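Enquirer: The primary structure of each chain is shown beneath.
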Amino acid sequence: MIKHAEWLIVGHSKDFPNRIGRTIRLNDKEIAVFRTSENKLYAVENSNPHPKGGPLTESIVSGHYIYDPLRDWKIDLETGLVQDPDTGQVKTFDIREDGEEVKISL
Amino acid sequence: MINSKKKLVVIGNGMAGINTVEQILKLTDKYEITVLGSEPHPNYNRIMLSYVLEGSKTIEDIILNDLQWYEDQGITLYTGKMVRNIDGERKRIHTEDGLEIDYDLALIATGSQSFILPIPGKELPGVIGFRDIADCTAMLEAAKTYKKAAVIGGGLLGLEAAKGLVNLGMDVTVVHLMEDLMERQLDREASAMLKAELERQGIKFAMQMQTAEVYGQDRVQGLRFSDGSELEADLLVMAVGIKPNIQVAVQSGIETNRGIVVDDLMKTSMPDVYAVGECAEHRGICYGLVAPLFEQGSVIAKHLAGADTEGYAGSVVSTKLKISGVDVFSAGEFITAPEHTVIVAKDEWKRTYKKVLLRENKIVGTVLFGDVSESASLQKYVRQQTLMTDEIYGQLMGTGCSKDGAKTLSAETMADDEIVCGCNGVTKKAIVDAINENGLTTVDEIKACTGATRSCGGCKPVVEQILQYVLGDSFKSAAKQGICGCTTLSRDEIVAAIKTKGLTTTREVMNVLGWQNDEGCSKCRPALNYYLGMINPDTHENEEDSRFVNERLHANIQKDGTFTVVPRMYGGVTTPEDLKKIADVSLKYNVKVVKVTGGQRLDLIGVRKEDLPKVWEELDMPSGYAYAKSLRTVKTCVGSQFCRFGTQDSMGMGEVLERKFERLDFPAKFKLAVNGCPRNCAESCTKDIGIVGNDGGWEIFIGGNGGIKARLADSLCKVKTDDELIDIVAGVMQFYRETGQYLERTSEWVERTGLEEIQKAVVHDIDNRKALIERIEFTLKQLEDPWKKIIHNADSRKNLFEVVTPSMV
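Going down the list, the protein sequences come from chains A and B. Note that the UniProt record's numbering numbers the first sequence so that position 103 is 103, with each residue one more than the last. Note that the UniProt record's numbering numbers the second sequence so that position 25 is 25, with each residue one more than the last.
Next comes chain A alone, as it looks inside the complex:
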């Protein structure tokens, strides 16, 4: 069976302001979407890789890094990798702008 990438429309470009995260809820899954000051969009699973979890949407965004709101973990949006001294990785998703539509692939 060939699987095609399925793109979901998650909103309009203007729904995703600079450096303010937004949460997308799909069934029971939450995705945090960030637009960096270089106007690039990133999507990651909205859950801190810390054993106790916690949301990421409310992070402070700096370049393509975020600082999570509960423990101040620094996470690279490109790779999902948690930066030193903490460890772990958060799941990343493909996201793109098609005209003014923002689409995400799971």
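By construction, these hints were calculated from the structure, which means they are not laboratory data. Misleading hints may appear alongside valid ones.
With a straight-line Cα cutoff of 27 Å, these simulated DSS-like cross-link-like pairs (lysine-lysine) come out [as the list claims (entries may be wrong)]:
1. K523(B) <-> K40(A)
2. K798(B) <-> K592(B)
3. K460(B) <-> K74(A)
4. K429(B) <-> K52(A)
5. K614(B) <-> K14(A)
6. K798(B) <-> K103(A)
7. K798(B) <-> K14(A)
8. K669(B) <-> K74(A)
9. K29(A) <-> K592(B)
10. K74(A) <-> K523(B)
11. K760(B) <-> K720(B)
12. K592(B) <-> K52(A)
13. K52(A) <-> K595(B)
14. K559(B) <-> K52(A)
15. K52(A) <-> K523(B)
16. K559(B) <-> K29(A)
17. K460(B) <-> K52(A)
18. K614(B) <-> K29(A)
19. K788(B) <-> K14(A)
20. K29(A) <-> K588(B)
21. K40(A) <-> K798(B)
22. K14(A) <-> K789(B)
23. K91(A) <-> K798(B)
24. K559(B) <-> K91(A)
25. K429(B) <-> K74(A)
Here the structure is a predicted model, which means the values were calculated and not measured.
Since chain A is already given, all that's left is putting chain B on it; use the hints.
Expert: Just chain B, lined up with the frame of chain A:
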């Protein structure tokens, strides 16, 4: 390709050689480094051998650099190689097994060995020194089979060996030639206290005894002293001193005396050959301690990297005995001479002794026994020959009513597995290891590496102590540090630049002031946003993306990602109507818990983010700011309205103050309390500003804190009228807003600024007070209820709070 790197060959794979190499690597990569070591082990921390013997550490624990490290650094390492000589003409090093290695620069770091007394029987099996892993292993082995041990030498090493052997279950006698133990580091008083303490711990002593002979057949059986008496022993540890290893230098024709003679740049008499550590003799002194070698290594590293160095000028040596439960420290001059002024405190009940020696009022030496918590500061004073002042005296000797209470447990007596940073579960051992393995020198580096101090910061003083304890003399008070890792600029420099250069956004500040990280981090961005708003209250546009989530969404984030809403209740007073509304909204939005807070307000815990605007709208009450670096609550008692003791209307005053100053940003959270009488039911002693009513006026306290570092508030002044009270409160608030560092609580601010300075600025200098009040009034005019704003702004409501539920393409 021609290799342009110079060849640096290090003879010796111990602490001195490798530390020097580490310091060189930090400064330059222009050397190709080869290390020759005689021991089969990688580089280990020799000063920790006492802990290995004591059983609190294993050999693995004390390894400083494993083989992988050498590989990672591109260093060629030969272990088990003895160097025969250096051929200075050909610039070539010869090893005993015939290897020849060319060098451009050579560094001799051969260390020293135990000095073995030249007495009959010294070669008998069971006679050892206390110097390396082999000696340590020999002692551990002997303790399994034998019972009686003797240690010759009542110095640092001898006592540590003796204590280790006692711990291993042996019957140990320390034989000492002199009248006093550690006579080269301690005065008679401290020495006697030390001896008593060690006897309590099971060590026996044979003082003023000279060993003439070691007897035994196949193994040591005992010692015979010069007076003919004898002592049985199955193990004999000689710890009477060290002998610099200078054979290589001697074989190579390099000038030696007791050690290898070096100049202030640590150069030997042979060109391009340096020496460092215990094998070197500088200005007639061979150091047998670890701290000087760090200083020497640093001079060499700077010199080889072509950086400026004033050269090595000798070290102020200090001593700490590494025996658990016995705290001994000495530094500088410790034997009283006529020219000294002596400050001494001896407490036989607490078994503590403290002596500080002054020459021409400068601190030149110290001996501490029993309580060494001041050792780090004293060491600094001795090194810098600091002038004694009333302040330092008070710090060192106490004033009889110490405000700080019990001193923090000194870092060295703390158990390895003790948690230092309670927030992140970092043990003392993890911090010590991180310092040793990564050469850390600042608390910030420790934070980045281990996570300690990164949450509440309450453990910072202990981490500092550990840093001082591990680094000893090489600890320097932290280099200039900026407000975060993105800049080296301090708070004051940044605030000044914002004012003089007219900077208006965080981005502009970071660009103009050369931030290392373009967009800053979670530390500096909120700080800059605050400073900008404080300086330009009318023009600054609050940057939502530079605020912590709580202040962006105006609610407290909880660990599960839900939020807490705290409706404002001025002075802690509410009405049945409001309570009813709170109850209705809580039911409607399924609030998980309704809790009364420490500040007399109601916490509605567990509100979903997307419900927040609706909850606020339906409550139709202002936000209580329980989440913000802002005025949170004004706690009150019942006061004169109802209380039979109340002399002032505390509820009324609490409400007035809370209404007036709500929504104002501060460097950190800000709490008030107003009490109607000195019974202080609203607990003003632990508030940023605490107000106590009395018959005929109010007394104002500032800088109290019940949090991470509890602190009782200081009395600022007394006032007669309500107007005066509000004026002073406004003045203190604005002075703190203008001079406080972001995240600095008033408890820290008062200590840093000084109570008198604040009294001067706010209480005594009326003109200044007026100016402060004008500025705070101007700022207050700009404030508006963020919730009203959000409720009426569809965009921010949507972008900040709503969750997207998309449809399939």
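Enquirer: Confirm or reject each hint.
Expert: Structure-based check of all given hints:
Using a Cα cut-off of 27 Å, the hinted pair K523(B) and K40(A) holds, with the two alpha carbons roughly 23 Å apart. Taking the CA atoms of K798(B) and K592(B), the gap is near 24 Å; set against the 27 Å cutoff, the hint holds. At most 27 Å may separate the alpha-carbon atoms for a hinted pair to count; K460(B) and K74(A) meet this at roughly 21 Å. At most 27 Å may separate the alpha-carbon atoms for a hinted pair to count; K429(B) and K52(A) meet this at roughly 25 Å.
As the CA atoms of K614(B) and K14(A) are separated by approximately 23 Å, the hinted pair is consistent with the 27 Å bound. Taking the CA atoms of K798(B) and K103(A), the gap is about 19 Å. The hint holds against a cut of 27 Å. Taking the CA atoms of K798(B) and K14(A), the gap is about 11 Å. The hint holds against a cut of 27 Å. Proximity of K669(B) to K74(A) is assessed by CA-CA distance (about 24 Å); at most 27 Å being required, the pair is judged to hold.
With a CA separation close to 22 Å, the supplied pair K29(A) and K592(B) stays within the 27 Å bound. Between K74(A) and K523(B), the direct Cα distance comes to roughly 12 Å. Compliance with the 27 Å bound is thereby established for this hinted pair. Proximity of K760(B) to K720(B) is assessed by CA-CA distance (about 18 Å); at most 27 Å being required, the pair is judged to hold. Distance check on the hinted pair: K592(B) and K52(A) sit about 19 Å apart at the alpha-carbon level, within 27 Å; holds.
Straight-line distance between C-alpha atoms of K52(A) and K595(B) comes to about 23 Å, which keeps the hinted pair within the 27 Å bound. In summary, the hint linking K559(B) to K52(A) is supported, as the alpha carbons are separated by about 8 Å, within the 27 Å threshold. Of the supplied pair hints, the one linking K52(A) and K523(B) holds, its CA atoms being roughly 23 Å apart against a limit of 27 Å. A distance of roughly 18 Å separates the Cα atoms of K559(B) and K29(A); the hinted pair therefore holds under the 27 Å criterion.
For the given pair, K460(B) sits about 25 Å from K52(A) by alpha-carbon distance, which is consistent with the 27 Å threshold. Using a Cα cut-off of 27 Å, the hinted pair K614(B) and K29(A) holds, with the two alpha carbons roughly 24 Å apart. For the hint pairing K788(B) with K14(A), the CA-to-CA distance comes to about 23 Å; that is within 27 Å, so the pair holds. Taking the CA atoms of K29(A) and K588(B), the gap is near 25 Å; set against the 27 Å cutoff, the hint holds.
Proposed proximity of K40(A) and K798(B) is supported: the alpha carbons are some 21 Å apart, at most 27 Å. Distance check on the hinted pair: K14(A) and K789(B) sit about 20 Å apart at the alpha-carbon level, within 27 Å; holds. Annotation: proposed proximity of K91(A) to K798(B) holds, straight-line Cα distance about 25 Å (limit 27 Å). A C-alpha spacing of about 20 Å is found between K559(B) and K91(A), which places the hinted pair at or below 27 Å, so the restraint holds.
Note on K429(B) and K74(A): the hinted pairing holds, with a Cα-Cα distance of about 25 Å set against a maximum of 27 Å.
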